[in-house]
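Following the hints, put chain B in place on chain A, whose structure we already have.
One-letter residues, chain by chain:
2 protein chains.
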Amino acid sequence: MSGNLVGIDIGGTKILIILSDINGHIKKQVEIPTTSEYPGAILGRIVLELKTFGKIDSIGIGIAGDIDSKNGILRFSPNLLKWKNVRLKKYFESKMKVPTIVENDANCAAYGSYVLDGERKYKNLITITLGTGIGGGIIIDGKLYRGSTGTAGEVGHITINPDGPKCNCGNNGCLETYIGKKGIMNIAKKVGFHKKNLTPAIIADEARKGNKKAKSIFNKVSEYLAAGVGSLVNIFNPDMITFSGGISNNWDLIEKILKRDLKKRTFKTPLEHVKIIKSSNNKNLGAIGAAFLSKER
Amino acid sequence: MSGNLVGIDIGGTKILIILSDINGHIKKQVEIPTTSEYPGAILGRIVLELKTFGKIDSIGIGIAGDIDSKNGILRFSPNLLKWKNVRLKKYFESKMKVPTIVENDANCAAYGSYVLDGERKYKNLITITLGTGIGGGIIIDGKLYRGSTGTAGEVGHITINPDGPKCNCGNNGCLETYIGKKGIMNIAKKVGFHKKNLTPAIIADEARKGNKKAKSIFNKVSEYLAAGVGSLVNIFNPDMITFSGGISNNWDLIEKILKRDLKKRTFKTPLEHVKIIKSSNNKNLGAIGAAFLSKER
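Chains as they are written, first to last, in my numbering: chain A, 1 to 297; chain B, 298 to 594.
Extracted from the complex, chain A is given alone in its bound form (with noise of 0.2 Å):
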């Protein structure tokens, strides 16, 4: 169980830092929350953590937003509005001493799970995580594709309707449109489902319980997310596909639908092929994947 890799996955409620050894095998985890708005006093915190963890050998950050990858900058992220152009590089590889390489969450979470669902055998491999939002990753031929400008796997900005809700994005009718929160609670609201403080999760625990019209929402989701992975599938052509992400939860309520209706929406080669799952590794694996891309590099 060789390598001493730190993996640290920031976000804009909890930053989960862990140290685990090239087959993912997790040594320590740490859980700190996002106290400040701003960097400087989040990193510090973060490097007095990683000073118990002894020795490192390589840091990887993953964390939502255009990223610089190949010089560890962030240049923007949604959730840390107060970060612009963060030299998250130069700042762990000046305090740890050790290689640092940054990249966006997506990407990591794919990567991670090409390591631990895929088993690094499934060679091109797709992650969606299924979230507030819809992002996603992708790996070609074992190794993450960035795109040119390193933009690449904006799958939940894929049109499924031209003339669908308007996006944050600017766009109408991305994928995100109908199934990020807000999508799912416009089907809700569609379907008649009203409840005081409504969530995703309580209308799942609706649906585990009987209740129709929660289960027609979970159905309309899987229909809409069906459309997306169907045009990734026969695009794509890839050997795995894996969900993560808070939504992806629910899985027991999107599968069967899921995969009927890829039936109908994609080639019959490339989906007797294709391995559609959920991630078992869920909760860490942006933190896992950033550790194994800093392996990587």
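Among the hints, a few may not be true.
[Unchecked claim] Chain B is faced by these chain A residues, among others (derived, beta-carbon under 10 Å):
id: 1; residue: Leu48
id: 2; residue: Leu50
id: 3; residue: Ser94
id: 4; residue: Val98
id: 5; residue: Gly150
id: 6; residue: His157
id: 7; residue: Ile158
id: 8; residue: Ala227
[To be verified] Quick list of in silico lysine to aspartate or glutamate cross-link-like pairs, EDC-like style, CA-CA up to 16 Å:
id: 9; chain 1: A; residue 1: Lys275; chain 2: A; residue 2: Glu119
id: 10; chain 1: B; residue 1: Lys367; chain 2: B; residue 2: Glu390
id: 11; chain 1: A; residue 1: Lys220; chain 2: A; residue 2: Asp252
id: 12; chain 1: A; residue 1: Lys220; chain 2: B; residue 2: Asp460
id: 13; chain 1: A; residue 1: Lys51; chain 2: A; residue 2: Glu93
id: 14; chain 1: B; residue 1: Lys517; chain 2: A; residue 2: Asp163
id: 15; chain 1: B; residue 1: Lys324; chain 2: B; residue 2: Glu346
id: 16; chain 1: A; residue 1: Lys70; chain 2: A; residue 2: Glu93
id: 17; chain 1: B; residue 1: Lys440; chain 2: B; residue 2: Asp460
id: 18; chain 1: B; residue 1: Lys561; chain 2: B; residue 2: Glu520
id: 19; chain 1: A; residue 1: Lys55; chain 2: A; residue 2: Asp21
id: 20; chain 1: B; residue 1: Lys592; chain 2: B; residue 2: Glu334
id: 21; chain 1: A; residue 1: Lys143; chain 2: A; residue 2: Glu119
id: 22; chain 1: B; residue 1: Lys440; chain 2: B; residue 2: Glu593
id: 23; chain 1: A; residue 1: Lys264; chain 2: B; residue 2: Asp460
id: 24; chain 1: B; residue 1: Lys325; chain 2: B; residue 2: Glu346
id: 25; chain 1: B; residue 1: Lys565; chain 2: A; residue 2: Glu119
id: 26; chain 1: B; residue 1: Lys379; chain 2: B; residue 2: Asp363
id: 27; chain 1: B; residue 1: Lys440; chain 2: A; residue 2: Asp141
id: 28; chain 1: B; residue 1: Lys561; chain 2: A; residue 2: Asp163
id: 29; chain 1: A; residue 1: Lys27; chain 2: A; residue 2: Asp66
id: 30; chain 1: A; residue 1: Lys82; chain 2: A; residue 2: Glu37
id: 31; chain 1: A; residue 1: Lys143; chain 2: B; residue 2: Asp438
id: 32; chain 1: A; residue 1: Lys268; chain 2: B; residue 2: Asp363
[Stated by the list, open to error] Examples of chain A residues lying across from chain B (beta carbon under 7 Å, computed):
id: 33; residue: His25
id: 34; residue: Gln29
id: 35; residue: Gly147
id: 36; residue: Ser231
id: 37; residue: Pro238
id: 38; residue: Asp239
id: 39; residue: Lys264
Note that these hints are calculated values from the structure, not bench results. Small disclaimer: the values here were computed from a predicted structure and weren't measured. The beta-carbon is built from N, C-alpha and C at its ideal position, and this holds for glycine as well.
Chain B only, in chain A's frame:
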């Protein structure tokens, strides 16, 4: 100008044979009609032609259909229904004594476009063929991306409306149902543009002459196309997207609206980066790409 590469594009109505160097300078070009439904006579005819070509280094064959590119077998072609499990690689290697590869025609076009339009500098490139059907081929990091079972690149079968018109593939609302030949005819019907023996070429001619209805048909085509291409920009973040195929000859009627809509449908950074053009080698891209691919293997 080294290399004597043969590229053969086998279509349902004609077969194009070219002799090219590795830079795409064409030394010889022969077109023969696809006179028989069966492979035997046609393949014999091709070999007779090739015997007049002088020294040949390698052969690449591009053909529409389900290809086992590893073994060089055409399993099935929609344009040549009597061709089933034809061992093209084995046949040409035994008759011509040079290495032969067989590849899907849309993949060949993409590789041809990568070399000729992109001059091997645009490493991530997608070529979309606009014709009776809508096809595509993907170049990742300068290499043809075939997918895990060889069927990647089916960009005509991106779902742009889950409840859209029925597609030949069994799905509803594929991009192809909107902007394939049949899709264009449907738009013509909807806008009330009627003519005997109407074709996309006739509509284009009328549009160029100022006919408003004809123009509105191509505007609509461009809008649907933007929905599909926008998704590709967001997913792939490519360096270049090129268009080939008969309908791409109407680029003058497509480009403006397509690019206008892409501004709405895509993220800013990848759109600013990607070069979107009509291939300048529209007519023999499949044959040339096949020739180039024969050298890459």
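*asked:* Going through the numbered hints above, which ones does this structure break? Give me the numbers in ascending order.
replied: 1, 2, 3, 4, 17, 20, 25, 29, 33, 34
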